[in-house]
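Novice: Each chain, written out:
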Amino acid sequence: MKARAFKYFRTQSLEDALQAFDRAGGEGCYLAGGQSLVPSLSLRLQAPELLIDISRIESLTGISRSGNVLRVGALTRHAEMLTSPEIARHAPLLRRAAPFVAHPAIRNMGTFGGTIALADPSAEFPAMTLAMDAEFEIASLAGTRTTKADGFFRGLFETGLQPGEILTAINIPCFGNADRCVFDELARRRGDYALVGAGVQGNFAQDLVSTIRIAFLSVGSTPLRARHAEAAITGRALSADAISDAQAALGDDLDPEDNEETSATMRMHLARVLLGRLLGRLSQPDCMRQDEVT
Amino acid sequence: MNERVPIELEVNGEAVAKYVEPRLSLADFLREELELTGTHQGCEMGACGACLVLLNGKAVHSCLMFAVQAHGDHVETVEGLSQRKAIADIQQAFHNNNALQCGFCTAGMLVTAHELLSRNTTPTRHEIRDGLSGNYCRCTGYQAIVDSIVSVARSRAGNVDTPASPGERGTAS
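Protein chains in written order, with the working numbering: chain A, 1 to 294; chain B, 1 to 173.
For the record, the hints were derived by calculation from the structure and aren't laboratory data.
Glycine included, C-beta positions come from ideal geometry on N, C-alpha and C.
Careful: at least some of the hints might be erroneous.
Mimicking DMTMM-like on lysine to aspartate or glutamate, the simulated pairs with C-alpha atoms at most 20 angstroms apart in a straight line are [to be verified]: (1) B/K18 to B/E33; (2) B/K18 to B/E32; (3) A/K2 to B/E3; (4) B/K58 to B/E79; (5) B/K58 to B/D130; (6) A/K2 to B/E21; (7) A/K7 to B/E35; (8) A/K2 to B/E10; (9) A/K2 to A/E49; (10) A/K2 to A/D16; (11) B/K58 to B/E3; (12) A/K2 to B/E35; (13) A/K2 to B/E127; (14) A/K7 to A/D22; (15) B/K58 to B/E21; (16) A/K148 to A/E230; (17) B/K85 to B/E10; (18) B/K58 to B/D73; (19) A/K2 to A/D22; (20) A/K7 to B/E8; (21) A/K2 to A/E15; (22) A/K7 to B/E21; (23) B/K18 to B/E8; (24) A/K148 to A/D207.
If you want a taste of the chain A side facing chain B, the calculated C-beta under 8 angstroms gives, among others [as the list claims (entries may be wrong)]: (25) D53; (26) G67; (27) V69; (28) R71; (29) Q247.
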């Protein structure tokens with residue numbers, strides 16, 4: 001349970017970090033909050049020769065709004081999602097999901113960019129970037145590029161990040177007056193990995209769904225959008241019939257596998273139950289006023 | 001790669017300068033280099049919460065970071081909190097309520113309770129249980145620990161009817 005020996009390099013410069021990775025010839029690894037990386041090193045699932053500590057790079061921090069986009073620095077700690085007024089106002093889905101992310105002490109260290117770059121399929125925030133239609137800013141020695149959350153999560157712990165690239169910020173369309181969002185998950189114990197979790201964000205015209213994005217966690221090898229369920233309710237009011245149709249359509253979106261924790265059948269059932277509850281809450285025009293966060 | 005590198009940090013208010021291997025966890029550094037053995041190590045993977053310390057005032061797992069990462073930072077362990085009497089009332093409440101048996105988890109529980117009460121002076125039992133969700137206790141069943149934190153919150157708020165208030169015991173939470 002001790003990490004293999006490595007060299008440690010801390011820098012305040014993004015450029016220095018990118019160059020250090022490049023020089024390490026494939027043996028480098030970026031370290032931000034370390035809440036998944038450090039146990040992985042201790043278990044020797046990973047054994048890089050060089051750890052590049054990017055946690056002090058100023059340009060990766062901060063939350064700021066520019067026009068209709070909220071830019072969340074990759075080093076934003078999970079705990080900040082619970083306290084930041086900008087997050088509460090402009091990206092409330094993150095505020096609602098944050099209490100479910102690990103435990104308080106993990107939330108003090110773990111970073112938003114880190115959990116997205118790791119892409120654990122049972123993590124809350126990567127799935128929420130799908131529901132919020134977020135965009136990622138990515139830096140490399142070749143420059144910077146942006147890419148949508150849609151298409152970024154490609155396989156188990158596999159993303160669109162190329163070796164050496166650093167996720168620097170997450171751009172989130174600001175939450176609007178006609179938007180609503182809800183999050184919930186089913187777990188045996190708060191803080192445990194969810195059996196199934198989901199976040200839904202929709203834009204409403206009166207009570208009709210104009211657009212809606214539904215993102216699940218813990219039901220496959222990546223965070224997943226439920227596009228068939230979205231299509232089943234787009235343009236409709238969230239009546240009992242509509243919700244039932246979305247639940248039925250979920251069978252075309254999710255294909256969970258049996259594992260030691262629960263059967264695929266039960267996980268699918270729980271996903272439908274959860275979706276029904278979430279859409280039921282979303283159907284309430286005042287759902288953004290309810291203080292459901294504990 | 002086993003070469004030691006210099007680190008400087010503040011631990012319990014005192015400046016510390018040492019040479020450490022980069023792979024040395026902060027928990028091992030505190031226990032073995034500084035002999036601050038109040039910080040316990042249970043799982044060494046961030047699940048049990050026995051190793052919690054304050055890093056720049058926030059509770060973190062000292063098993064989930066390397067000592068080199070704390071270079072330039074302020075670390076406070078349960079010894080520091082105890083010596084400056086920041087948690088004297090929490091310790092007394094744990095004692096009054098029998099909120100510990102084997103004691104292995106207690107240091108982490110105290111750090112969590114300290115941070116929780118500094119963030120939220122009037123936590124509900126639900127909030128306390130949620131706050132303790134990253135701290136495993138294998139002896140007590142948590143009830144007495146929650147009771148203790150409730151009683152400290154009340155007495156800090158000036159409500160002195162509390163230490164080990166019997167009415168609190170056995171209430172559903």
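Novice: Determine for every hint whether it applies to the structure shown.
Specialist: Hints, one by one, checked against the model:
{"no.": "1", "hint": "B/K18 to B/E33", "result": "holds, 8 angstroms"}
{"no.": "2", "hint": "B/K18 to B/E32", "result": "holds, 12 angstroms"}
{"no.": "3", "hint": "A/K2 to B/E3", "result": "holds, 16 angstroms"}
{"no.": "4", "hint": "B/K58 to B/E79", "result": "holds, 16 angstroms"}
{"no.": "5", "hint": "B/K58 to B/D130", "result": "holds, 17 angstroms"}
{"no.": "6", "hint": "A/K2 to B/E21", "result": "holds, 12 angstroms"}
{"no.": "7", "hint": "A/K7 to B/E35", "result": "violated, 25 angstroms"}
{"no.": "8", "hint": "A/K2 to B/E10", "result": "violated, 24 angstroms"}
{"no.": "9", "hint": "A/K2 to A/E49", "result": "holds, 15 angstroms"}
{"no.": "10", "hint": "A/K2 to A/D16", "result": "violated, 28 angstroms"}
{"no.": "11", "hint": "B/K58 to B/E3", "result": "violated, 30 angstroms"}
{"no.": "12", "hint": "A/K2 to B/E35", "result": "holds, 19 angstroms"}
{"no.": "13", "hint": "A/K2 to B/E127", "result": "violated, 34 angstroms"}
{"no.": "14", "hint": "A/K7 to A/D22", "result": "holds, 15 angstroms"}
{"no.": "15", "hint": "B/K58 to B/E21", "result": "violated, 25 angstroms"}
{"no.": "16", "hint": "A/K148 to A/E230", "result": "holds, 19 angstroms"}
{"no.": "17", "hint": "B/K85 to B/E10", "result": "holds, 18 angstroms"}
{"no.": "18", "hint": "B/K58 to B/D73", "result": "holds, 11 angstroms"}
{"no.": "19", "hint": "A/K2 to A/D22", "result": "violated, 26 angstroms"}
{"no.": "20", "hint": "A/K7 to B/E8", "result": "holds, 17 angstroms"}
{"no.": "21", "hint": "A/K2 to A/E15", "result": "violated, 30 angstroms"}
{"no.": "22", "hint": "A/K7 to B/E21", "result": "holds, 9 angstroms"}
{"no.": "23", "hint": "B/K18 to B/E8", "result": "holds, 7 angstroms"}
{"no.": "24", "hint": "A/K148 to A/D207", "result": "violated, 28 angstroms"}
{"no.": "25", "hint": "D53", "result": "holds, 6 angstroms"}
{"no.": "26", "hint": "G67", "result": "violated, 33 angstroms"}
{"no.": "27", "hint": "V69", "result": "violated, 29 angstroms"}
{"no.": "28", "hint": "R71", "result": "violated, 24 angstroms"}
{"no.": "29", "hint": "Q247", "result": "violated, 29 angstroms"}
Comparing the model with each earlier hint shows violations of hints 7, 8, 10, 11, 13, 15, 19, 21, 24, 26, 27, 28 and 29; every other hint is respected.
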